[in-house]
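Asker: Now for the letters of each chain:
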Amino acid sequence: MKLSNEFKFAGKRQMIVFAASLLLPLSVIAASQSPTPDAEQVKRGEYLSRAANCMGCHTTRGGEPYAGGRTLKTPFGEFVTPNITPDDETGLGRWNNEDFWQALHSGKARDGSYLYPVFPYTEYTKITREDADAMFAYLRSLKPVAQTNPPHKINSPYDNQFLLFLWRTWYFKEGVYEPDNSKSEEWNRGNYLVQGLGHCNACHTPRNVWGATQDSKLAGGEIMGTYWYAPSLISPLEAGVGEWSTGEIVKLLSTGINEHAVTSGPMATIVRQSLQYLSPEDMRAMAVYLQSIGEKRNGNEAPKKIPPMPERVSKYLALGKPVYEKHCQGCHGESGEGVPGIYPPLAGNRNVTMTSPHNTIRSVLYGGFPPVTAGNPRPYGMPPFQHIIRDNEIAWVVSYIRNTWGNLGSLVSPEEVDNSRGNEF
Amino acid sequence: MKFIIFILLWTISNLANALEPMPPKISDTLEQRVKPCIICHGDEDRAGRDAYYPRIAGKPAGYLFNQLRNFRDGQRYYQAMAILLENMSDDYLLEIAHYFSFLKYPYPQPTANTLSPGETQAVETLIHSGDPDRDIPACSACHGKALTGTKPFIPSLLGLPHAYLAAQFGGWRNGGIMRGQTPDCMSEIANKMTQEEVNALAMWLPTQPVTGESAEAEELPPELVQRCQTILSGEGFIQ
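Read top to bottom, the protein sequences are chains A and B.
Sequential numbering of the first sequence, starting at 1, is according to the UniProt record's numbering.
Sequential numbering of the second sequence, starting at 1, is according to the UniProt record's numbering.
There may be inaccurate statements among the hints.
What the hints assert, rightly or not - Some chain A residues well away from chain B (every beta-carbon gap over 12 Å; in silico): (1) ALA39; (2) GLU46; (3) ASP99; (4) LYS153; (5) ASN181; (6) GLU334.
What the hints assert, rightly or not - Below are the BS3-like pairs computed for lysine-lysine, each with C-alpha atoms no more than 27 Å apart in a straight line: (7) B/LYS192 - B/LYS151; (8) A/LYS326 - B/LYS151; (9) A/LYS183 - A/LYS296; (10) B/LYS25 - A/LYS326; (11) A/LYS183 - A/LYS73; (12) B/LYS104 - A/LYS326; (13) B/LYS104 - B/LYS151; (14) A/LYS183 - A/LYS108; (15) A/LYS296 - A/LYS73; (16) A/LYS43 - A/LYS108; (17) B/LYS192 - B/LYS145; (18) A/LYS326 - A/LYS217; (19) A/LYS321 - B/LYS25; (20) A/LYS217 - A/LYS321; (21) A/LYS321 - B/LYS35.
Bear in mind the hints are in silico, worked out from the structure with no lab data behind them.
Ideal placement from N, C-alpha and C gives every residue a C-beta, glycine not left out.
Please work from the sequences and hints to get the whole structure.
Answerer: See below:
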């Protein structure tokens, strides 16, 4: 009964289509040849390229988007990102789908030579063929920009294909993301976004002496060529979000700020360039995945006694108090409580207390605004203090905020302040 | 060890929460939002700290907007500004530019003129007449008769510290990272002057008291409008 109804319905539709095609043969032919699916694919590709933040590396400051030319400094030399606009001579104009897939999935150039892993094909290999094709369709749709970028300056002996071959054998596992069927679809989508397109490992995973990300995925590490520390996304003492709600995670990643934290340095830029454009569904999927990999603190243990502070230490910390009162208290509050969603709290702030003091020192030295996003279009900023107070005063005040209002962290010396200087600008 | 630290942290933070501190009072204003700018560009006396920072209060909005974008996009180089502006939008920068253009701070006291009468006269000639033989226009032709700038894109030359003026001339003359990435008429003009003239200008300008408002755009001579296109184009600027 049901079947016959469907047949009837299908029959009617066919009749209408047939009649319409008799009446308007030209328009029907035009419609069947129109590039609607391609436009759809390009649009999808644009979204995926945002999620993969191709533009972030393949655009120089103030330069043409995707025309490359940005220098990435590493211990192995200086790499200059290539032009990936569809220009025949200087970009990807002569590439086809296969070439692009080979680069993204296998880390090989068009001529088959090995690409340097500064291009995160180690993570992009997880991207599906369908997504890669869409990304390529989008890149093909861009305006070609004729821009020749300077060559890499690779230190000897790393400029060697055989060494790259060895490196790949050891550290590169080719393969599209395989969903874990014991987990939800949402979790798998989040995993794909974090480990594949988003290539979070590129910064948040420690690298060994050969520049390879180690097995301890997303456990935090110094970002190569910058002076920033990308905190662990696992540890509850750093940026692990196992104890946050998905709503709080989504808010931080899509607007750049929430009640507990604010994105700064390279992460603020990632939010501006990439994460704020993700769909609410994808944002939530990322949050679900990140929440699942974040370790939780077990709150059942008996509280331990705080060891008495040696006089030398308390004297050192006391030096930071007047600096704090003069320069920081106005915004971060008498007790480091901050203003929710405007100025981050310092009391209980993991960015302040985590082992590496670099990010906190850098925030004091250089200040900054949280990224301008749709959800936070007019952010409040933090002044740079590099010209205002001396290194020893910065050391005192950072030590002070790391060890007041219940915070506990190592003391910071003026030498550490000096070591945190420097930037890519 | 980490575990012990965490327990300590947890305990202490619970204690701290119990005290319920008074949160800082924050106003929902642009003034509060741009506090990071005021630390260097504010009106307090910074003599003896660092006399480099230029006055931005009351400068024409289009000029401020262009400079903010140039710092952000690497067309004008100053590390502190580049870092602060990295993730700012055009819309927000435009709002900030307007805010500072309307801000009125008292002007600093003019400095004492240490130039010789001959040097002073040479500078004043350059300022008001330029040197047609070398194709150097009068400063006042663009920056206004009172040298207080021309709306909306040309800045005032007065009320600025000597160190800042000298550094800008150096940047224009040497090209390179500070001012030279976008070729503009100021690099071209600065390169037509001698080092002595540039030094004398940077010495003389801070000796002048500030009187009068910015000039109006229609007062600009057409040949200089043509010559200084890059400075006078403010794509996206809304009055």
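Asker: Each hint: holds or not?
Answerer: Hint by hint, here is what the structure shows:
Consistency note on A/ALA39: stated as away from chain B, and its beta-carbon is indeed over 12 Å from all of that chain's, at 28 Å minimum. Distance to chain B confirms A/GLU46 as a non-interface residue, since its nearest Cβ pair spans about 19 Å, more than 12 Å. Interface exclusion of A/ASP99 from chain B stands, the closest Cβ pair being 31 Å apart, more than 12 Å. Non-interface call for A/LYS153 relative to chain B: holds, since the shortest CB-CB distance, roughly 19 Å, exceeds 12 Å.
With a cut of 12 Å on Cβ distances, A/ASN181 stays outside the contact zone with chain B, its closest approach being about 34 Å. Once the 12 Å rule is applied to beta carbons, A/GLU334 is inconsistent with being away from chain B; the minimum gap is 5 Å. A threshold of 27 Å between alpha carbons decides the hint, and for B/LYS192 with B/LYS151 the separation of about 26 Å falls inside it, so the pair holds. Simply put, A/LYS326 and B/LYS151 have alpha-carbon atoms about 38 Å apart, too far for the 27 Å limit, and the pair is violated.
A distance of roughly 19 Å separates the Cα atoms of A/LYS183 and A/LYS296; the hinted pair therefore holds under the 27 Å criterion. Restraint check: the Cα-Cα separation between B/LYS25 and A/LYS326 comes to about 16 Å, which is no more than 27 Å; the hinted pair holds. A threshold of 27 Å between alpha carbons decides the hint, and for A/LYS183 with A/LYS73 the separation of about 38 Å lies outside it, so the pair is violated. Only pairs whose Cα atoms come within 27 Å are accepted, and B/LYS104 paired with A/LYS326 is accepted, the gap being roughly 25 Å.
Only pairs whose Cα atoms come within 27 Å are accepted, and B/LYS104 paired with B/LYS151 is accepted, the gap being roughly 16 Å. Restraint check: the Cα-Cα separation between A/LYS183 and A/LYS108 comes to about 32 Å, which exceeds 27 Å; the hinted pair is violated. Taken as a hint, the A/LYS296 and A/LYS73 pair is broken in the structure, with Cα atoms around 35 Å apart against an allowance of 27 Å. Restraint check: the Cα-Cα separation between A/LYS43 and A/LYS108 comes to about 26 Å, which is no more than 27 Å; the hinted pair holds.
At roughly 22 Å between alpha-carbon atoms, B/LYS192 and B/LYS145 fall within 27 Å of each other, so this suggested pair holds. The straight-line distance between the Cα atoms of A/LYS326 and A/LYS217 is roughly 41 Å, outside the 27 Å bound, and the hint therefore fails. Between A/LYS321 and B/LYS25, the direct Cα distance comes to roughly 20 Å. Compliance with the 27 Å bound is thereby established for this hinted pair. For the suggested pair A/LYS217 and A/LYS321, the alpha carbons sit about 38 Å apart, so the restraint of at most 27 Å is broken.
With a CA separation close to 21 Å, the supplied pair A/LYS321 and B/LYS35 stays within the 27 Å bound.
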